[in-house]
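K.L.:
So you can see what is in the structure, the chains are spelled out below.
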Amino acid sequence: MTAAETETQPVTDYGLTQRAAQGDMGAFEELYQRHNRRVYSLCLRMMGNVSEAEDLAQEVFIQLFRKIGSFRGESAFTTWLHRLTVNQVLMHFRKRGVKMEQTTEDGETPIQIVKGTENPNAMPVVDRIALDKAISQLPPGYRTVFTLHDIEGHEHEEIARMLGCSVGTSKSQLHKARMKLRGLLRQQKVKE
Amino acid sequence: MNCEKCQDLIGDLVDGGLSREDETTLSLHLEECLACADVRNDLESIVTFCRNHRGEYSAPPNADALWLRIRNVIEAETQLAAKVASTRPPAKSFWSGWMSRSWELSMPQLAASAAAIILVVSLGTTVGLRRWDNARATEPVASSPRSEAGTRVHDRMWQQQQAINYWNQRVETNKVRWNQGMRDTFERNLKVIDQAVNDSLNELNRDPHDEVSEEMLNAALNEKLALLREFSDL
Ligand SMILES: [Zn+2]
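Which chain is which? The protein sequence lines are A and B, in order. Mapping of the first sequence onto the numbering used here: residues 769 to 960, in sequence order. Mapping of the second sequence onto the numbering used here: residues 162 to 395, in sequence order.
Bound-form chain B, shown alone:
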């Protein structure tokens, strides 16, 4: 047996998981190889120390301060939850509204387009906005008389996107508690809204000055925000 093989097996020896045969060969090597015997002794004393001191714990530097921090967070959360519960209309009536919701967001001509890309929830929107942003940025300023208005619209949408990201995160945290019905309702509504967002974005990529698509996009993003906000509390 060489030292490399021996040291590979020392771990098993220390943990008592070695076959009798391996143990015999290993013992022979350890008797004549000081270096490997040293490794065995060292690992054994590390492992033995850990085993003997299992269940000994060190206290946090300031356990009382840590408790106060924990209690503050919990109390703030509890208060917020109570506030939401008292201001929110009964859950059933509001989300049954989402269940039977019919949408007028989609642009028929675009909905029919096979090329419409369905992107993932918030990522899709972010990517879309960036692409639209680039399309605007490459335009010569002179030929873009409405560029100021465009920037304003874009800023507003940027803010909407930030809000969507925030509520989206909260929805993701709470989703695990939902039942299948809620999940389906949420996904169905989200799909329709995201389709509308993507359709408007595609249209805006083609013509950055299309005011109708701009309005469509704004409406869809607001709907998305409302959906996320309401579902984040469930």
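Isolated chain A (complex conformation):
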């Protein structure tokens, strides 16, 4: 392989993890540059708060450095890092005693069953800013399930495993989260 060819072939994530495991900070920085948006965005959606999301993203990359030698390249690096991030956020919730399953006893208003034409104001067209704002207003349990399912595209079986709940719970939490989100998006329109 000529020098020019080497240049056009970017080092794989796995290659970078191996170099970082040997203490190569340059390789680790490259991993950070490649993946910080992904990690931060996930933290932001699950935390609903910029400064907490930054702190958590920092913690994720520190954990990543500590554990990087244990990445064997069997799965995609992004999957592995995603899992590490979710675990870190869930651990943070657990430490703070945040309950993952939102019940009506938590002071959460039950979902209103919409009947007839009692709610004439239509939901505005969904856009990124409005959606992110509404997500940040969801209680943590709803926010988590909504982020994992609708934003990140996980199946209920995976979510149930990650959260240690049943598939049924994951489904019902998602439904409540979506209904709550719909209400929040409608409210935003009214306030404008």
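Treat the hints loosely; a few may be bogus.
To be verified - Between beta-carbon pairs, the in silico distance windows are:
{"hint": "1", "chain 1": "B", "residue 1": "A380", "chain 2": "A", "residue 2": "D900", "range": "57 to 63 angstroms"}
{"hint": "2", "chain 1": "A", "residue 1": "S838", "chain 2": "B", "residue 2": "G342", "range": "32 to 38 angstroms"}
{"hint": "3", "chain 1": "B", "residue 1": "K166", "chain 2": "A", "residue 2": "G837", "range": "50 to 56 angstroms"}
By construction, these hints were calculated from the structure, which means they are not laboratory data. A virtual CB, placed ideally from N, CA and C, is assigned to each residue, including glycine.
With chain A's structure known, arrange chain B with the ligand on it following the hints.
P.N.:
Relative to chain A, chain B with the ligand alone:
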């Protein structure tokens, strides 16, 4: 089909996980119920938006500053680890010392007592100290000529407890990396020390002025500290 049942099923409809039969009944309701059709439309547009924008991420407000913070922490940790590695005697020789360690901490008469309570590691010690503290606090001052000395001893023990908590946390973080042999050695030593701590505390609860038990407790807490400190680096 009523609206409640309908809205329960809308989620499955949007995710495409509905049986053909349910889908047919649901469609009939949605055709004639504006409110439910509205819910369906709204949820569909939320979910579709998310699906279409999957993989779009927002950058941290200051990605460079965040990187510097991360690098600082990692470098500090790496330097500390290198320092510990260079000052620490070869791991094997020191912890084989703990492996063959014999203890003279236990008070025979108390070790035999069936009533001796074995409490969990640091919690046990904290609770014990608090109980001992209460026993002292209820004593009339006049009948306690050594109360000043007692407070001093207690303060010293409070500090020991803080240090133990600190090292205990570090041990808990590192424990996952240990092999079975190290785990067994650690647990065995810890059990002996905690037994000694509890024995002395029980004795002190009975007689807060028992100087021998005080010394025993002090020695046991120091041993515990040494054990945790050495194992925290493994
Ligand atoms: Zn209806």
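K.L.:
For every hint, state whether the structure bears it out.
P.N.:
Structure-based check of each hint:
{"no.": "1", "hint": "B:A380 <-> A:D900: 57 to 63 angstroms", "verdict": "59 angstroms, holds"}
{"no.": "2", "hint": "A:S838 <-> B:G342: 32 to 38 angstroms", "verdict": "21 angstroms, violated"}
{"no.": "3", "hint": "B:K166 <-> A:G837: 50 to 56 angstroms", "verdict": "53 angstroms, holds"}
Taken one by one, the earlier hints fail for this structure only at number 2.
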